[in-house]
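Trainee: Based on the provided sequences and hints, a complete structural model is requested.
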Amino acid sequence: MAAALAASQPAHAASDPLMGLDLGCAEGYALVNLRPNAGGPRTSTSLSGLTINGGSTQSVPVSCTPSPTPSGTPPLSGDGHVLLGGRVSYTGTAAGTPTAMIFANGSSSVTSANIPVTVGNGWTDQARADALAVSSYIGSFGNSGACTGITGTACNYATISLASGSTRTLTGIGGLNFYDVSSFGSNVQLNFVGNPNDFFVFNVPTSSIVTNRGWTISGLAPSQILFNLIGQGQGVSLEAGANALGTFLVSSNTNAGCTASSGGNTCNGGTVTMASNTSLYGSLIVINNDSPVSFGSGSVIHGTPFNPTRLRQVPVPGPLPVLGAATAFGWSRRLRRRLKRAHPALQS
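Residue numbers 1 to 348, in this note's numbering, belong to the letters of the sequence shown in order.
Since the hints were made in silico from the structure, they are not lab data.
Backbone N, C-alpha and C define an ideal beta-carbon position, used for all residues, glycine too.
Errors might be hidden in some of the hints.
Across the chosen pairs, the derived CB separations fall in these ranges [what the hints assert, rightly or not]:
1. Ser161 with Gln232: 37 to 47 Å
2. Ala129 with Gly149: 32 to 42 Å
3. Ser136 with Ala158: 14 to 24 Å
4. Asn191 with Ala154: 16 to 26 Å
5. Asn277 with Thr97: 15 to 25 Å
6. Gly174 with Pro41: 25 to 35 Å
7. Thr169 with Ser276: 21 to 31 Å
8. Pro196 with Thr169: 42 to 52 Å
Mentor: In structure tokens, the structure reads:
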């Protein structure tokens with residue numbers, strides 16, 4: 001009977017990852033800059049002045065395998081690596097320990113210290129698509145019912161406004177902490193408090209993130225924080241004194257012509273700059289930008305890209321099958337009879 005009951009119930013994994021936040025082929029790099037691979041002018045990424053310290057196995061050591069598998073050498077995900085693709089040119093070298101590997105499919109003048117590995121457009125096209133899918137998911141999260149469907153972890157949705165020069169401490173609930181940011185003022189200091197089960201995800205639809213403040217973190221890792229910037233031309237600027245935390249996904253293009261298929265490839269997305277002697281514990285992902293990405297002397301990315309693998313959702317159990325319900329009812333009757341025989345006082 002037990003075997004029949006087991007066979008009658010669908011098999012479920014103990015829990016499933018929250019796929020909407022999986023960056024796929026774009027995850028696991030300290031720096032990503034991608035555009036469509038046809039038409040339009042190139043944007044540039046200058047690696048001069050940047051140091052990338054990464055290479056740990058604590059973040060997202062995943063491989064990228066699109067289907068069908070494109071030709072060319074696949075990029076190797078790593079906390080201290082760089083992925084560049086499409087209409088992106090780049091110059092300079094990135095210092096760091098271990099030496100950053102640069103994966104690109106465009107022309108370059110990178111010197112021998114960072115010999116680039118040439119990858120095909122198929123790999124970077126998939127990374128771009130994966131990053132855009134995550135940005136779209138985050139952008140529609142509140143409109144689709146906030147925490148609806150997040151069944152296996154605590155989830156909280158809130159809208160916040162961050163005034164210029166303000167300090168805000170955000171305390172986690174032991175799950176997904178999702179914030180729609182109506183306004184992100186300049187020079188904001190964020191302090192994160194949580195535990196290994198917390199994830200902080202911010203949707204920033206109308207503002208750039210510009211700060212010269214030092215952010216703090218307690219109880220969790222920067223790989224559990226993600227910012228999604230989607231307003232036209234909005235980006236990230238870390239100014240002198242800044243010490244920021246988290247993965248910044250800058251996907252702020254709104255021009256329908258910014259696609260390889262359109263032939264126009266005119267993008268209006270935002271950009272990223274780090275001033276001299278600033279630091280980021282996390283990663284930068286820039287999609288469809290229209291301005292250069294640049295770094296000042298002594299700027300450092302400590303590669304800890306966003307890693308959603310511990311963010312789980314457990315499927316909601318379906319109704320007990322008819323056979324299972326009948327069997328459970330039979331077991332319940334036998335159990336009551338045994339209890340009555342063992343304890344006559346229970347009989348009425």
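Trainee: Now look at each hint and say whether the structure bears it out.
Mentor: Now for the hints, and whether the structure bears them out:
The hinted window of 37 to 47 Å between Ser161 and Gln232 is violated, with their beta carbons roughly 20 Å apart. Between Ala129 and Gly149 the C-beta distance comes to about 22 Å, which lies outside the given range of 32 to 42 Å. A C-beta distance of roughly 21 Å is found between Ser136 and Ala158, which places it inside the suggested range of 14 to 24 Å. Checking the proposed 16 to 26 Å range against Asn191 and Ala154 shows it holds: the Cβ atoms sit about 20 Å from each other.
At roughly 18 Å, the beta carbons of Asn277 and Thr97 sit within the given window of 15 to 25 Å. The hint said 25 to 35 Å for the Cβ distance between Gly174 and Pro41, and at roughly 47 Å that hint is violated. Here the CB-CB span from Thr169 to Ser276 is close to 28 Å, well matched to the stated 21 to 31 Å. A C-beta distance of roughly 19 Å is found between Pro196 and Thr169, which places it outside the suggested range of 42 to 52 Å.
Comparing the model with each earlier hint shows violations of hints 1, 2, 6 and 8; every other hint is respected.
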